[in-house]
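Please build the complete structure, drawing on both the sequences and the hints.
Quick mapping for you: the protein sequence lines, in order, are chains Z and Y.
Read in our numbering, the first sequence has 26 at position 26, and its numbers run on one by one without any break.
Read in our numbering, the second sequence has 254 at position 254, and its numbers run on one by one without any break.
Keep in mind that the hints were calculated from the coordinates and are not lab data.
You can trust all of the hints, since none of them are fake.
Across the chosen pairs, the derived CB separations fall in these ranges:
id	chain 1	residue 1	chain 2	residue 2	range
1	Z	53	Y	134	35 to 43 Å
2	Z	5	Y	164	23 to 31 Å
3	Y	281	Z	16	47 to 55 Å
4	Y	106	Z	23	38 to 46 Å
5	Y	36	Z	20	17 to 25 Å
6	Y	237	Z	53	35 to 43 Å
Subject to a maximum C-alpha distance of 25 Å in a straight line, what follows is the list of computed SDA-like cross-link-like pairs (lysine to any residue):
id	chain 1	residue 1	chain 2	residue 2
7	Y	25	Z	80
8	Y	241	Z	17
9	Y	25	Z	23
Every residue, glycine too, gets a C-beta built ideally from N, C-alpha and C.
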Amino acid sequence: MDNFTILLTFFAMACFIGYFVVWGVTPALYSPLMSVSNAISGIVILGAITNGNDWWGIFAAFLASVNIFGGFSVSRRMLAMFRRGEKNK
Amino acid sequence: MIISLTGLFCIILFILAIRFMATPKTANMGNYLAIISMMMAIIISFSPLPENYLWLLSAIFFGAIVGIFFGEKIKITELPQMIAILNGLGGGAATCIAMAEANIFDQSSTISLLGGIIGAITLSGSFIAFCKLQGIMKKRKIFASSAIVNICFLLIMTLAVFFIDKQSFMVDIIFCIALVWGGFMVYPVGGADMPIIISILNSFSGWATVAIGFSYSNILMITVGTIVGASGSILAYIMIKSMNKSLLKLFIQSDLLKTEDVTEKIPNEGSPKDAAFIMESAKNIIIVPGYGMAAASAQYAIKSMADILEKKYKINVKFAIHPVAGRMPGHMNVLLADAGVDYEKVFELDDINSEFSETDVVYVIGANDITNPEAKTNHDSPLYGMPVLDVGKAKVVFFVKRSLNTGYSGVDNPLFFAPNTIMLYGDAKKITEDINKILEQ
Chain Z
1 MDNFTILLTF
11 FAMACFIGYF
21 VVWGVTPALY
31 SPLMSVSNAI
41 SGIVILGAIT
51 NGNDWWGIFA
61 AFLASVNIFG
71 GFSVSRRMLA
81 MFRRGEKNK
Chain Y
1 MIISLTGLFC
11 IILFILAIRF
21 MATPKTANMG
31 NYLAIISMMM
41 AIIISFSPLP
51 ENYLWLLSAI
61 FFGAIVGIFF
71 GEKIKITELP
81 QMIAILNGLG
91 GGAATCIAMA
101 EANIFDQSST
111 ISLLGGIIGA
121 ITLSGSFIAF
131 CKLQGIMKKR
141 KIFASSAIVN
151 ICFLLIMTLA
161 VFFIDKQSFM
171 VDIIFCIALV
181 WGGFMVYPVG
191 GADMPIIISI
201 LNSFSGWATV
211 AIGFSYSNIL
221 MITVGTIVGA
231 SGSILAYIMI
241 KSMNKSLLKL
251 FIQSDLLKTE
261 DVTEKIPNEG
271 SPKDAAFIME
281 SAKNIIIVPG
291 YGMAAASAQY
301 AIKSMADILE
311 KKYKINVKFA
321 IHPVAGRMPG
331 HMNVLLADAG
341 VDYEKVFELD
351 DINSEFSETD
361 VVYVIGANDI
371 TNPEAKTNHD
381 SPLYGMPVLD
391 VGKAKVVFFV
401 KRSLNTGYSG
411 VDNPLFFAPN
421 TIMLYGDAKK
431 ITEDINKILE
441 Q
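See the structure below:
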C-alpha cells in the first residue's frame, strides 16, 4: 500500500471508532464531551511543532496550546460539577 | 520505534478517553486520560528536537498560562462562549500551520490548503458565535441573499483548492476570503440555533486537524481529528433532529416567520403565592428548564426549590430536559449539575415524556418553543415535527416568563392560553426565590 492509502485506511477506521464511541455518550454529558473533544482537537499542535522555523508555526503552537489547556480546564470544571451532584445524594 | 509505538498508545488512550465520557461516573477519568495522552503526544513530538524548539516551548508555555487562566476564571454562565472561542482557536491554529507550511516551501499542498480553509471558517465563525453568545451582537439580521452568498464562497473556494497556483501569497488571500465566509455563514444564525452551530464548529476544528494530519502524514493527528470531527457531527445531527431543521435551512433561511394575528385570549396570571399553594398539595412535580434559567442564573434557586419540596412536603421532583434547551448541547445538564442537582433526577425527553399525564404540577422556567403542542397538531406550524415536551398533559402548568412574547421561532404557544396553565411573569430567579420563601413558611 502506498502512504496515502495507509493514511486513508486509518481515517476510515477512525470514522467508525468515532461514530460508535460518541453514540455511547449519555446526553447529560454532551457539554463536557464537546469540551473534551474540543481540547483534543488541539492535537493540531503537532503540526505546529514541525513548523518551528516560521513565525506562523510558533503562533499556531500558542493558539493550539490555549485550546488544549483551556479546553481541559473547562472540562475538568464541568465534570467536577457532576461529581458534586453525586456527593449530594 | 519507541516513538511511533508511543504514538499508537496515545491514539488508544484518546479513544478510551471518549469512551469513558459515556457515564458521569467515569467521565472524570476520561478527561484525565485525554490530558495524559495529549502530554505524551506533545512530548514525543519534541524528539528529535525541532528547529526553534525554545520558541515553540515558550509559545506552548504562554498558551498554557492563558488557557488555564481563562478556563479557571470563566463563569459557569459563560461556558458556551468559552467553548466557542476555544473551537475557533483550534481552527486558527490549523490555518496558521498551513500558512507556515506555505511560507517555508513557498508552495502549499492541496490538502493543507483545505485544512487551512476549514480552520479559517472555524475561526471567524466561532468569533461571530462568541459575539452573539456574549450579547455583543444582538440583532438577528437575515438577508435574503445568504444562500447566494454561501454558494459563491463555496465556488471560489473550490476553484482555489483545485486550480490556483498555491504560492504563499495566494494562500494568504484564500485564507482571508475563508475568514470572511465563516463570518457570513454564522452571522444570520440566531441564538436558539446556537447548539447546532457550536457542534458544527466543533466538528470543523476536528476536520481541519485531519486535513493538516494528511499533509504531514501524521496518523495521530488524523485519527484524533477524525474522532473530534465525528463527535461534533453527531452532536450537530442530534441537535438538528431535535429542532426538526435541516442543515440547508439553517444556513440559507431567508425569511423571519411572521406571527399571524395575535389572539385576543387572555392567559391566566398567577402570583408566587398561588404557585406555592398549588405546589404544596401536589404529589409529583416536574421542572422544565430552558435558556431563561441560564440567562437569569436561576439554577441555584431551582435547586433549593426542589430541596424544599422534597424534604418538607415529601413531593417527588424530577427534571425534564429537551435536547436543544439552552445554547449548547447538554447546557441545562451542566447548569443543574453546577447547582448540585443529582443527575439521576434529570431525565431526557424520551425518558420522561410519557410521565407528564400523571404529573400534578409542571414548572416551566424560561422555556417556550420546546413545549409548544402545535409541533404535534398543527401542520402549518414551522415547529411541526419537532419533538416537544408534553407539559400540557399535566394537571397544572406554570410558565415563568418575562412576558407573553413568542419564543425564538416567532410562533405563539397555545399552551399559554390553556385553562390549566398559569403564567408567572417576571425574572426567573426572582419568581423562584419568592416561591421558595412562601414554601418555607
